[in-house]
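From first to last, the protein sequence lines are chains A and B. Residues in the first sequence are numbered consecutively from 104, following my numbering. Residues in the second sequence are numbered consecutively from 104, following my numbering.
Some clues are possibly wrong.
No distinction is drawn between identical chains; accordingly, a pair holds when it is met within one copy or between any pair of copies.
Keeping only pairs whose Cα atoms sit at most 25 Å apart, straight-line, the calculated DSS-like set for lysine-lysine is [unchecked claim]:
#1 141 <-> 222
#2 237 <-> 439
#3 196 <-> 257
#4 141 <-> 245
#5 439 <-> 108
#6 115 <-> 338
#7 245 <-> 108
#8 112 <-> 222
#9 344 <-> 424
#10 440 <-> 369
Note that these hints are calculated values from the structure, not bench results.
There are 2 protein chains.
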Amino acid sequence: MATIKDVAKLAKVAPSTVSRVIANNPRISDKTKERVRKAMDELGYHPNFIARSLANQSTQAIGVVIHSSTDKAFQNPFFPEVIRGISKGAHQKHYALHMSTGETEEEIYEGVVQMVEGKRVDGIIVLYSKVDDKLTSYLKDKNFPFVIVGKPFKDMERITHVDNDNYRAAKEVTEHLISLGHKEIAFVGGNLNFVVTIDRLLGYEKAIRNAGLEYRDDYIVHEEFLEEGGQEAVKELFSLKLPPTALVVADDLMALGVLNKLSAMKIQVPSDVSIVSFNNFLLSEIAFPPLTTVDINIYMLGCEAARHIIQQIEEPSEPVKRVIVPYELVIRQSAKKHAGPARILDLEA
Amino acid sequence: MATIKDVAKLAKVAPSTVSRVIANNPRISDKTKERVRKAMDELGYHPNFIARSLANQSTQAIGVVIHSSTDKAFQNPFFPEVIRGISKGAHQKHYALHMSTGETEEEIYEGVVQMVEGKRVDGIIVLYSKVDDKLTSYLKDKNFPFVIVGKPFKDMERITHVDNDNYRAAKEVTEHLISLGHKEIAFVGGNLNFVVTIDRLLGYEKAIRNAGLEYRDDYIVHEEFLEEGGQEAVKELFSLKLPPTALVVADDLMALGVLNKLSAMKIQVPSDVSIVSFNNFLLSEIAFPPLTTVDINIYMLGCEAARHIIQQIEEPSEPVKRVIVPYELVIRQSAKKHAGPARILDLEA
DNA sequence: TTGTATGCGTTATCAG
DNA sequence: CTGATAACGCATACAA
């Protein structure tokens, strides 16, 4: 394989000159540039990235960290979509992606330490945010460039992150349900260790309280995924003396699970119960009924994360930033005006 | 940051000795090993991966190539699941993953060339297989280690690949439908440029012909995704003089789209029409009705791909291999015995 | 069993 | 504008 020296020899210049041609250094005459370039393709020369990285102390690669791959939620389409966004942002600046996953939390932590200490990446994007995360603390202590997709559990003003305003989105979506005449609104969320779940729950609560509705603990359900356990959860929700007429579900995939259980229980959506959820995956459009959902713009989340980590890498003095990606309520057919008993109550009032 | 020299100095040995300790070279006395190790953690030393790569001519990283990220199919859960498998296989052997994506086909091709020529990876896993693929030819010509997930379009016996027997799976699943009494069976597939689509179509055809049923062109529909266009496709299928009573759908996500259109058209699954599909995503279980589908074991597909590319990297004389991952027909509720007019025909016969 | 010297392919510093 | 030369951090052949 041709090296810089071979090119130098063929073009009858010094290796350093070739290096400068690669960098398109303006202090090289056009004539020699020409000559060197000719030699380069004559030899099919491509610079060795590893050698360059060593000399440069920069890899042009950004590390991507995802939570444990054993997690069922891993099959969530959030992942490919955010990667797609990251790729876009990274590609523009000629950065590549580097991943080191593991099964256990400890394994992934070790993997990240390896990539940081081993200098395999210039910066890191953490694709989740959870309570008391060891990794975040490590990165912060090391003062290694990183950004979080989501809201940091702590040190928010000291960690660059890109997030949606999940609190407001949840509030808004709940208010949407309220404006539709619903009063019995339940919340079906995911793992409370993730900050996003907390935010959405809080937004839901705020809307409920603002509207003067009762905030009931038995209307709050948390499930990793709507399989066995979740089945029970939904069943319980609808065996309450006062079952909900509407559901705020934390994620489209979960909403799909809810839809399934409901169908099995002969409960119709949206005529018997309305559902709104989050994320707007491709599948939320092809669900039946198509889901009314909050489009959180996952692609942009990824793209911005990439742009900002690169900014931080290339300009270390860059201040900490909080990037809020806009969301949009996409009205489809899973939520509609409440037309049950509660309405009658309305008329009586 | 501490280097090997600092450790050497502190432990009062030569740098080369430290290097040998890292490699756990048996020719170093336990006593000095001890001393060096102590120095290592005293300094918080971690080897520099880049430097090591340069000296070694090996990066311990494997490149992962996915098809154009603009593709809608990118949101397909196949992706995270196969990555999960790859991670598993790679992690065991201490390999990391490297990705370089692009929007256009040309961009991703260039990205791969960069990672190959730039020596950023030791081998490559190509996560798709399509007709006349430029990339495959390049890798083959370069004689660079790579494996394909799927069946190579050509040079099958000269390219290591891991695949399902999609032909047989499709045949079997079609026969399942036939055994259920269906005679009007349509095929809803994806892009015919992908070998997997071709294989599944062929298996379907074989089963149809074996059973002495008519192979009808108007029963074959191809859609990227069941959005606008697909809506039409399904509609047309069911406006035929003799509409199908069962559908073989090439992918669960598409099946979900079909389910949606059918619901909208008031066609019931499985009472009016049966559906079987492929992949067994998480969502196929939570669809309504839960999908009868072929579990192609995506995780194992990824895991085996990783294992074999690593084998090929570490043992270049390793022969070309064809790895067939088993599939399994998962019977759920989207397909059942045919009980319509065709049955009456049976009785008449 | 350990140390010395050299190379991996670039970039950067300093002369000229 | 261009050429030597020294890093970058580690591995390894050869010596001892």
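Quiz item: Broken hints, numbered, in rising order?
Solution: 2, 3, 5, 6 and 9
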